[in-house]
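Enquirer: Protein sequences, first through last, are from chains A and X. When we follow this note's numbering, the leftmost residue of the first sequence carries the number 1, and every step to the right adds one. When we follow this note's numbering, the leftmost residue of the second sequence carries the number 1, and every step to the right adds one.
Please keep in mind that the hints were generated in silico from the structure rather than gathered at the bench. All figures in this text were calculated on a predicted structure; none of them were measured in a lab. C-beta atoms are modelled at their ideal positions from N, C-alpha and C, and glycine is treated no differently. Please note that the accuracy of each hint is not assured.
Said to hold, decoys possible - From chain A, some residues computed to sit far from chain X (all C-beta separations above 12 Å):
id	residue
1	13
2	17
3	20
4	22
5	44
6	62
7	63
8	71
9	72
10	77
11	79
12	87
13	110
14	113
15	114
As the list claims (entries may be wrong) - Restraint ranges, calculated between C-beta atoms of paired labels, are given here:
id	chain 1	residue 1	chain 2	residue 2	range
16	A	10	X	69	34 to 44 Å
17	A	8	X	1	26 to 36 Å
18	X	40	A	27	19 to 29 Å
Said to hold, decoys possible - Cross-link-like lysine to aspartate or glutamate pairs, in silico, DMTMM-like; alpha carbons within 25 Å at most:
id	chain 1	residue 1	chain 2	residue 2
19	A	102	A	56
20	X	70	A	42
21	X	36	A	3
22	X	56	A	101
23	A	57	X	2
24	A	31	X	83
25	X	36	X	83
26	X	70	A	101
27	X	70	A	3
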Amino acid sequence: EADIYQTPRYLVIGTGKKITLECSQTMGHDKMYWYQQDPGMELHLIHYSYGVNSTEKGDLSSESTVSRIRTEHFPLTLESARPSHTSQYLCASSLTAQGGEKLFFGSGTQLSVL
Amino acid sequence: GEDVEQSLFLSVREGDSSVINCTYTDSSSTYLYWYKQEPGAGLQLLTYIFSNMDMKQDQRLTVLLNKKDKHLSLRIADTQTGDSAIYFCAVISGSARQLTFGSGTQLTVLP
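Using the sequences and the hints given, assemble the complete structure.
Expert: Quick look at the structure:
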């Protein structure tokens, strides 16, 4: 069973607010990811990290930022939320082993910006 | 880069077999995965296959890989209502550092 946690599960906020979505994993994985998921299901990689103090932007341009100060923690921050940021945000971590790159996902944060 | 395609919807009757298809473009893809997403949840790894295999079976799940056609399928035998979910195909190639996901197939199991 994967041990990766996201909080909050649901968040409704007003335009212009600063928010931080939390993601923590207890598996000691070096690699962590943030995906944005459309209502139409498609996943878009917005940020990833291969270790402490390492962060990269993903395929989809995002106004959010991330940090990786500790192995287990990979928070995502929006400085000024807008309605276009309304989406499901999924955090994942991965283990590189036999079987390639296996991703373990959190339950997601559903963000609604009014 | 890699492009992974799936059909968006599939409906089957309870007890029938389901076959979810996926095509990809990078012939150097090494590992190919199937993930399941239930409503309101994250993705869960169901199974995976290495590119030197043609088939992998795990209980009700059978994965078939046709490398020549770059086609991957997931067969679910005796489909149950609990199998209703979105199924994502994902691949990783030798040169890529991340998985590339398909757009997902919504499987609906009818009673």
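Enquirer: Hint by hint, say whether it matches the structure.
Expert: So, going through the hints one by one against the coordinates:
1. 13: holds (19 Å)
2. 17: Residue 17 of chain A is indeed farther than 12 Å from all Cβ atoms of chain X, at 24 Å.
3. 20: holds (19 Å)
4. 22: holds (14 Å)
5. 44: violated (9 Å)
6. 62: Fine: 15 Å to the nearest Cβ keeps residue 62 of chain A off the interface.
7. 63: holds (21 Å)
8. 71: holds (18 Å)
9. 72: Given a closest Cβ separation of 17 Å, the condition holds.
10. 77: holds (20 Å)
11. 79: Consistent with the label, residue 79 of chain A stays out of reach of chain X, its closest Cβ about 25 Å off (over 12 Å).
12. 87: holds (14 Å)
13. 110: Violated: least Cβ distance 8 Å, not greater than 12 Å.
14. 113: holds (19 Å)
15. 114: For residue 114 of chain A, whose nearest Cβ neighbour in chain X is about 21 Å away, the distance exceeds 12 Å, so it holds.
16. A:10 / X:69: 34 to 44 Å: At roughly 42 Å between Cβ atoms, residue 69 of chain X and residue 10 of chain A fall inside 34 to 44 Å, so the hint holds.
17. A:8 / X:1: 26 to 36 Å: At 33 Å between Cβs, range holds.
18. X:40 / A:27: 19 to 29 Å: holds (23 Å)
19. A:102 / A:56: Measuring from Cα to Cα gives roughly 19 Å; hence the hint holds.
20. X:70 / A:42: Status holds; Cα separation ~21 Å.
21. X:36 / A:3: Roughly 17 Å separates the two Cα atoms, so the pair holds.
22. X:56 / A:101: holds (18 Å)
23. A:57 / X:2: holds (18 Å)
24. A:31 / X:83: Violated, at roughly 29 Å.
25. X:36 / X:83: Distance of about 9 Å is within 25 Å: holds.
26. X:70 / A:101: Judged against 25 Å, a Cα distance of about 20 Å means the pair holds.
27. X:70 / A:3: This hinted pair is violated, its Cα atoms lying about 33 Å apart.
The structure fails hints 5, 13, 24, 27 (numbered hints given earlier, in ascending order).
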